Each structure stands twice: as C-alpha cells, then as structure tokens.
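K.L.:
Chains as they are written, first to last, in this note's numbering: chain A, -10 to 350; chain B, -10 to 350.
Note that these hints are calculated values from the structure, not bench results.
Don't take every hint at face value.
Since the list gives no way to pick one copy over another, a pair counts as held whenever it fits inside one copy or between any two copies.
Claimed, not checked - Derived pair list, reagent style EDC-like, types lysine to aspartate or glutamate, alpha-carbon separation capped at 20 Å: (1) K187 x E67; (2) K187 x D68; (3) K187 x D146; (4) K277 x E242; (5) K69 x E185; (6) K327 x D62; (7) K69 x E184; (8) K277 x D250; (9) K223 x D250; (10) K116 x E326; (11) K187 x E326; (12) K278 x D250; (13) K277 x E254; (14) K78 x E93; (15) K152 x E194; (16) K69 x E326.
The structure displayed is predicted, hence computed values, not measured ones.
2 protein chains.
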Amino acid sequence: MTDQPTQTGRIIISVDAMGGDSGPAVVVAGIAKSADKNPKIGFILHGQEQELRKLVAKRRVLDGRVVFRDCPDVVTMEDKPSQVVRSGKNTSMWSALEAVRAGEAHGAVSCGNTGALMAMSMLRLRKLPGVNRPAIAILWPSRNPHGFNVMLDVGADVRADAKDLLQYALMGASYARNGMALSRPRIGLLNVGTEEHKGRAELKEAHAMISDFADQANFEFVGFVEGSDIPGDKADVIVTDGFTGNVAIKTGEGTANLIGDLLREAFKYSPLSRLASILAITSLNRLKKRIDPRRVNGGVFLGLNGTVVKSHGGADATGVSAAVKLAFTLAESGFAEKLAARVASTAALAQDAAHSVSQSE
Amino acid sequence: MTDQPTQTGRIIISVDAMGGDSGPAVVVAGIAKSADKNPKIGFILHGQEQELRKLVAKRRVLDGRVVFRDCPDVVTMEDKPSQVVRSGKNTSMWSALEAVRAGEAHGAVSCGNTGALMAMSMLRLRKLPGVNRPAIAILWPSRNPHGFNVMLDVGADVRADAKDLLQYALMGASYARNGMALSRPRIGLLNVGTEEHKGRAELKEAHAMISDFADQANFEFVGFVEGSDIPGDKADVIVTDGFTGNVAIKTGEGTANLIGDLLREAFKYSPLSRLASILAITSLNRLKKRIDPRRVNGGVFLGLNGTVVKSHGGADATGVSAAVKLAFTLAESGFAEKLAARVASTAALAQDAAHSVSQSE
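Sequences and hints are given; from them, build the entire structure.
P.N.:
Pasting the structure below:
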C-alpha cells in the first residue's frame, strides 16, 4: 500500500468491484456509504482502474481511502468455478483474494459468482488446518432479541458428513460470538423432527459429536431443530448441509417476496386500502427494515485462512455497505485468528470423538 | 354401511376423529362445514362413539350422513410409528384406514401423528405395484394463476434415489391433473442451482430419467428449479426428497408466520397505524385468505392403494373441511385408480430407463 500512506491504522477491506449484477458504480456507492459511517475503514478496490478512479473521484468521502488494483478480466455469473480457478488470474476476484492472502487487507468482499469465489478462495487462501469442507454462513431474520440467526452451510458444498457438521457447529458458534457478540450461542442441528430417533444416520452421529463438544467449545447444544426454527428463537445458530441450507433459505426468501408483493397488491386494491397504506407507511417501513435482506447482506465463508464475504449479486449500495460492514466487524474482532485457534484446538479432539462414535456403533 | 342406507350415491370419506391437537369437536365442526357445502358427501366417523354421537347430534346438517365406528384407542402425537403398527389395531386411525381398505369409503382423512399414519397406511393399504417409496404431497401458495404449487415429498421418507424422484414426478403430475385440473403440469426437480452440472449425483440421474418420461406421461419437464421456485411460477409441481421438502416447507411456514406477526406488531405501533389497519382490513383479509395454509390444508399420501389425506394436527374446522374437500375432489376424479394405472404403465419403462442410465455412466 505504498501509494496510500493515509491508510495507516485503518482496517482495510479488499473489494472486488466487478462481477455483480449492477456493475461497479453500485459497489463504489456502497463503499462510500461505509466510509461515511466508519472513519476506521479503508479499501483496496479491484477492477478496471480507469473506470473505478472516475467513480471514486465523485465521492469526496473516499478521498485518500482507496487503493486501486487494475485487473483486466471479470468473472461472470456464467463462468464455471472449475474454469475460473485455472484461467482467472487476471480477474478482479482473484486480485481481491490475493490482497487478503498477502496480508495487505483484513478481509475481502465480492458480489460475484458464488461458486467461483468459493473455488478461488479455497485455492488462494487454503482451508484452515483441520477443516474438511468450508461453509457459507448467512444471517436470517428471526424472533431472537438480536433479530437474526446464523445459518450454515447455505451452499458451499452439497455434502456434509457428521464430522463436517461438527465443524460447522464450531465455526458457527465462533461466528455468532465474534459477529453477533453472543457469548454462549445456542446451536441447533437441522432435521425433520426434534426427536432423537428421527432423520438420517449422519445426523444422529453429528448429534452425539456436537453434544460432546458443547462445553469445551463454549456453546449450548439445543439438539435437533426444524425448518420452522430457522426464523425462530430456539437456537442462534442453525447447522445443516449446504444442499438443505441452500434450498431452505431460497424457499424462505421466495415466500417472503411473494408475501411482500401480495401485500403491495392488497394495498392498491381500493381507495380505502390506498389511504391505509399511506397512514401505515412508517410502520410498514419499520417492518421492511426489520426483515430487509439488504441489511444482513453477506454470506461469510468460514474455514479458510482469511475472511471472505460474499455480497448478493443483485445487491444495491445499501447491500454492499452491509457486506463491507460485516467484513469490518469480523476483521476488527480478530475473528479469523480466533476461528483458526478454535478449529485447531478441537480438530484433534474431533478426530478422537469421530473415532469413538464410529467404534461404539 | 347397513345402519345408514341414506348414504347411497354419496362419496364417503372415512374420518379419524381423534388424535388432532384440538380434539374431536373441531373435527366434527369441520365435517359439518363440508356437509353444508357439499350434498354429495357422506362420512364414516372413527373414535369414541358416545362422544362423537353427542357432537354430531348438535349439527343438523350431519343428520343421516354419518356412520360411526367405535374405537377405544387413540394414536397420540408422541406414539412411535413402529409401535403403533404393532399395537394400534383398536385405534381410530387404524379403523379409518380399514374402511378405505375394505372399499367402504373412497378416501381417509386424519389429523393425527403423520409418521404413524404413513406407517399404518403402508401396512394396511400397501404400496402401489411399482412404487418403492410413497410420498406426501402438499399445496404451497405460489405466483401461478391457480394460486398453488404441488410439492412432494415433504416428509414420508428422508431418502430418495433417482428412481424414487422419477416416481414422485409421475405421481405429482397425476395429482396436479386430478386435484388441480392442470392438463399438462410443469414438473421441476429441486436443486441448488438451475445449471445441469449442479447438485448431487442422484439429481443428475433423476434429471435424465424424468426428462425421458415427460412425453409419455404427459407433463412438461422444466428441469432443475431452486427453493425460490417453490412459491414461484416456473413449475406447477416441485419434486424433491422428503428431508429437503420437509425442511423447505417448515422454513417457508416459519418465515411467513414471522412476517405475519411483525405485520400485526407494525399495525399496533401508533394511533395512525392502528387506524390504517382498520381501513385496510378488507384488503389484508383478502391477502390472508390467499396465503392461508388452512385453505390448502392436507398432505396427500401418494403411492398407496387408496387416498389418504393428512390434515394438520392443529387444524381448526376450516382446515379439517379443506382436507375433507381435497379427499372428496380426488375421490370424485377417480384419482387413486388413474394414479395406479399411470404408475403401473410406467413402472416397467422406468426400470428400463434406470438400467440404461446406469449403463451409460
């Protein structure tokens, strides 16, 4: 960061400015929002430098807070992860991760192709020692006092065995402690029923393993939870495989969007209902804000050497700013280091536990 | 039905009056609603006869339309399916299924324990020839013109291989034709992305098999769909395994309930918003009715020799009546017979298809 000495003391977020559905202007608007709210934040911006310099020049709040990295290529939403890891060295996504790998930035944010970002992150940042499958964790609106639950995995990998689910529990607990300030998070394991005899074999095995680790990893294990508990208040962290998690959050999002659209229609139906919608606008906006997915935009990649936040491809400036804030919060809390220590200290024990569970069966 | 000669010409629904969360009074209120709307319906009511007779006597519309079957025992929500199939012969649930098996009723409805009902149904009604795993299909509010999509399996079995998923597609298509009058239903296979290379191995195999059957089974295959398409308008029938389906619908329900509660809170917030809620009440009630789960109450068990509808355990009279109506509609359309014919005609072909797919890999 030789070209920007004013960055000293700031927490630096490495931002892939390309690859989102709305283009780099929205990304720059998003980081400007973050810079405006947070004097402790600085950026390395990756993409077509000429274009980015123009966009940044329009935002006075970004003066002296952005370092540029020129990248000729962009990963598109259609690119296959397997190709991108081979031929993607000149992309803004690669460059954004490289800055984290080299220790120049404290975390990375990208709105690009999720599969490509995960494949590249695994290649460049490498998995934490002891982690078999990294996971993507998101926040979901819930009935809990803090307003959101952590859910993982929501799509890093379509498979997860009992040991992977244990690691998700450990990583999710660490995330809830550092990202949401919950000192002793409650962990639930997603199943089709709460009775211990229900569900798939790997879930019964994972139930025993997670239960064994609750005390030493400082979380509370509430046992099996159901889909209805994802937005509920029974657990703070919902653990599942990436296939189930991905389907569940997309179903929840789709249902919420349908209700939102039908609500708007209902309010347009008659003169009386149109008047009602004007009277209720403040209350409805408050509700909207409470469950606004943009406010909690950002899937965090867990289990890597470094913090990577995947912002929604269709995120607007508010969404990008939320993802940047998440990367900042985690960087400031020293999350990556704490998670690495947690996983390392339990990895050996997990091996033992897996061993004894499989022997006892 | 010797004690009720007036039932002649009616479609007879066998109703398990016990085992729901709200007791037999709600079940009787529900069948009275149905009887009031539909002169072509008659009932066999299973449970503690003395109590049921008292409840029925209060509803004039049920005069001469109910046959009673006295059953001393009740399956509770806590009973394990494996126990119930051994020791449940004197329960109202068993008796309700027995009436279908004996050909005295055209379909059965129960609000009881889902797992027990499925286990008993498999034991008493037996699987259709060619069906490996029966499935539970539900209707989910959607953006489609008919207002709902069919989704299966939502929890009959936590496993499903490619051949099972093909059978679900065939059974779901048949259900959509007979239950929803869609002549050529669009079938989608649930996955974590719409690209053909995504997801688990059994899904890729199922994709090929379902695609091969689309023409001869008279449905359109739209390929992979995502969780967001469950309430969407891309497909009419969503096919998935029972684990994923169960988690998805419970997540959707939980999210919808959370939004509903927050909406009520929002309208209570200020005098202005309270006034707004009064002005908007008609519109909001219309919205509520549109997505009211009670209106589409009833999971249909597919793949058995006979129609069984599982009503929600917490259903009120409106919910019970909706489940009864569903059983009636399916019975009237000759659904069970058509489905049996469809599965039989494709079972042999499916075997061949599975064989050729596995050979080509």
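K.L.:
Flag every earlier hint the structure violates by its number, smallest first.
P.N.:
Result: hints 6, 11, 16 break, sorted rising.
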